[in-house]
Every structure is written in C-alpha cells, then in structure tokens.
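Visitor: Here the protein sequences come in this chain order: A and B.
Counting in the working numbering, the first sequence runs from 1 upward without gaps.
Counting in the working numbering, the second sequence runs from 224 upward without gaps.
It should be emphasised that the hints constitute simulated quantities derived from the structure, not laboratory data.
Glycine included, each C-beta is placed from N, C-alpha and C at the ideal position.
Careful: at least some of the hints might be erroneous.
[Said to hold, decoys possible] DSS-like, lysine-lysine: derived pairs with alpha carbons at most 30 Å apart: (1) A:K152 - A:K57; (2) A:K9 - B:K240; (3) B:K240 - A:K11; (4) B:K312 - A:K11; (5) B:K273 - A:K9; (6) A:K9 - A:K152; (7) B:K240 - B:K273; (8) A:K11 - A:K152; (9) A:K152 - B:K312.
[To be verified] Some chain A residues well away from chain B (every beta-carbon gap over 12 Å; in silico): (10) V12; (11) R24; (12) G42; (13) L56; (14) R61; (15) E106; (16) I108; (17) A162; (18) S196; (19) F200.
[Said to hold, decoys possible] Some chain A residues flagged as far from chain B (calculated, every beta-carbon gap over 12 Å): (20) D26; (21) G31; (22) P41; (23) G55; (24) Q70; (25) N73; (26) E76; (27) P154; (28) T168; (29) H173; (30) L174; (31) P190; (32) L205; (33) W211; (34) R215; (35) I216.
Listed below, chain by chain, are the residues.
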Amino acid sequence: MSAERVDVKQKVLSANDQLAEHIRGDLTARGIFCINMISSPGSGKTTLLEKTIDGLKDHLRLAVVAGDVQTRNDAERLIRHGVPVEAIETGGGCHLNAEQVTRSLEAIDRDRLDLLFIENVGNLVCPSSFDLGESVKVVLMSVTEGEDKPLKYPAAFKRASAFILTKTDLIPHLQFSADAAIENARSVNPDLRVFSTSSFSGAGLDEWQNWLTERIEESRRST
Amino acid sequence: MSLALEIGSICEGELAKASETRMTALGVVVGVFSGVEVESLRFCLDVVLKDRFGDVHLEIEREPGLAACLECGLRFEVLRAPFECPECKAVAQGVSGGQTLQVSYLEVE
Chain A
1 MSAERVDVKQ KVLSANDQLA EHIRGDLTAR GIFCINMISS PGSGKTTLLE
51 KTIDGLKDHL RLAVVAGDVQ TRNDAERLIR HGVPVEAIET GGGCHLNAEQ
101 VTRSLEAIDR DRLDLLFIEN VGNLVCPSSF DLGESVKVVL MSVTEGEDKP
151 LKYPAAFKRA SAFILTKTDL IPHLQFSADA AIENARSVNP DLRVFSTSSF
201 SGAGLDEWQN WLTERIEESR RST
Chain B
224 MSLALEIGSI CEGELAKASE TRMTALGVVV GVFSGVEVES LRFCLDVVLK
274 DRFGDVHLEI EREPGLAACL ECGLRFEVLR APFECPECKA VAQGVSGGQT
324 LQVSYLEVE
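With the sequences and hints as input, model every part of the structure.
Guide: Here you go:
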C-alpha cells in the first residue's frame, strides 16, 4: 500500500485561540482592559503588581488571575491588597492556557471591572505562544537576568506591547547596561514601550501606571 | 508537551477524516518567533507519536522571520537573533513573520 499525502495546514493552537477570542470578545464588550504579564521566574511580577494595585485601586476596579506551577503564594500576597484574585495552580504546566483563564473568569464579577491582570507562570518561552484573550502582553525582565535575554527569547518580546525592566535599584551593584538591554529588546520589537522601574524605590511606577490608565481610556474610546 | 499532545489530537482527527489507520509521516512548521523550542518539541513529539501512532517520520520545517533594516531599508530573512543587516551591519531591525506553528501535512496509508 502506498502512502498518501494529506495537506492539513492547521494551526496547532487553534482550539486555544478560539477560546481566547471568546474571552477577548467578552472582556471587550464589558469594557475591561486585560494585561497578560510574562517573564522568567523571580523577575518581580508579583511585587510590581502589588505596587500597581496600590497605585490604581482608588480610581480603577481591578482583578487578578495569578498562575503558578505550584502553591497559591502569589495569589495570597495579592489578595491582601484588597482586590479579587483567582489562583490557577497548573500542577506542572509551564504556562497558562485560555481554558484555565475561562474557568477563572467565571469566579470574577466582570460587570464591575476596569482592568484585569493575568500573571502568567514564570517562564519566558511557552507563555508567549498561548493567547489568553488579553488586550496586550507585557514582558518583564529584571536587571539581574542579563542584557541578551530579549535576543535569547525573542518571541516574548516580539509579541509584547510593553517591556518593563525591573529592579533597577540594583544596577549600581551589577555589571548591567540598561541601554544595551533596551536596545536588544527594540531590535526584536521597535514598537515596544519601555519602562525602567524599581518596585523597591518606586522609580518608573508612575509612568507605567499612567500608561495603563491611558491605554484603558484609549480602548474605551475605540469601542 | 501540551503542544505535542495537541498535535497528536490533530493527527488523530485527520486520520479519521481520511478513513485511514496508519500515519507514516508528519510535517510541522515552526516559526522562529513562535516561542517554540524545536528540540523540546521534537523530544515531546517523539514520545506522543510513538505512543499513539507507532513509527512516524517527523519533519520539522523552520519558518524564518522577515527583518527590514531601519537604516538602509533592506529586507532579509532571519533565523536567529541578533538581527544584523547584511548590507549596512545596523543592529536594530523591525522583524515580522516567523510566528507560525502548524501541522502542515500527514502521510497516511
């Protein structure tokens, strides 16, 4: 029997992408802006979120979906800041997918929400492939990670709208060039909006929060 | 691994559609900016394919990205960072494409 060739040309993630489009439609219809935060473990996603929640919660209604491989530690830290938080424990999975986010969103009151953060699992590779229905992706990298990370993990930087360099207060103790890191990120994605921040000193946090507020207003005007 | 399992499910669906029982080869396209590490995917796919379909010849095709030099405007294909313009050697380029992750074909009998 001779082999027969069947052309398929099917996107591997089409099932995930369909669910993600459903999430996007639901959030957009309710006027909710959604950020998918991607970075390696330990780059400071949760700490930045704590600061951002404190800075914005008086004039915006916020919620968080927090993913971790194991433990609910991040979610427990964030709940203390007085916003609804849903934890996703992936039990080994190295990224969040749209199905997990769909389930989490059922537990969040989306009729009273302006801004939803999805804190992805710490990993610069796999999360960039999975659309979660977000409005924008934001990639974080701390100054201890090395300037060439945008070149080593281009997909995460390519697909993000903003790049947040974190822990800049540590720069005096390191051989790290913020300019080189930013140049590398922009070589992958010239349109990246860049924020140099320190959740410890507070540097750059106002700029980041103002950008978020502007993006929310912008998306509301366009819908 | 979840990608390999998803690919396995797509293959099962296509096999059923073609009313065939045996898959002999599988072609997958992986863009350089798809966020997928080819060697990891190959490792996981080897396990999934062996388990569900027996011996399958696996062909992974890399899809390049397209860069446009911001200095001289030259357009060229890139397979890995850093993206240096072959003409003027400028480093900063706009990059597009290379985001595909798809099952391109099966061979069945």
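Visitor: Let me make sure I understand: some of the numbered hints might not hold for this structure. Which ones are they, in numerical order?
Guide: Numbers 1, 4, 10, 27 and 31 - these are the hints that the structure violates, sorted from lowest upward.
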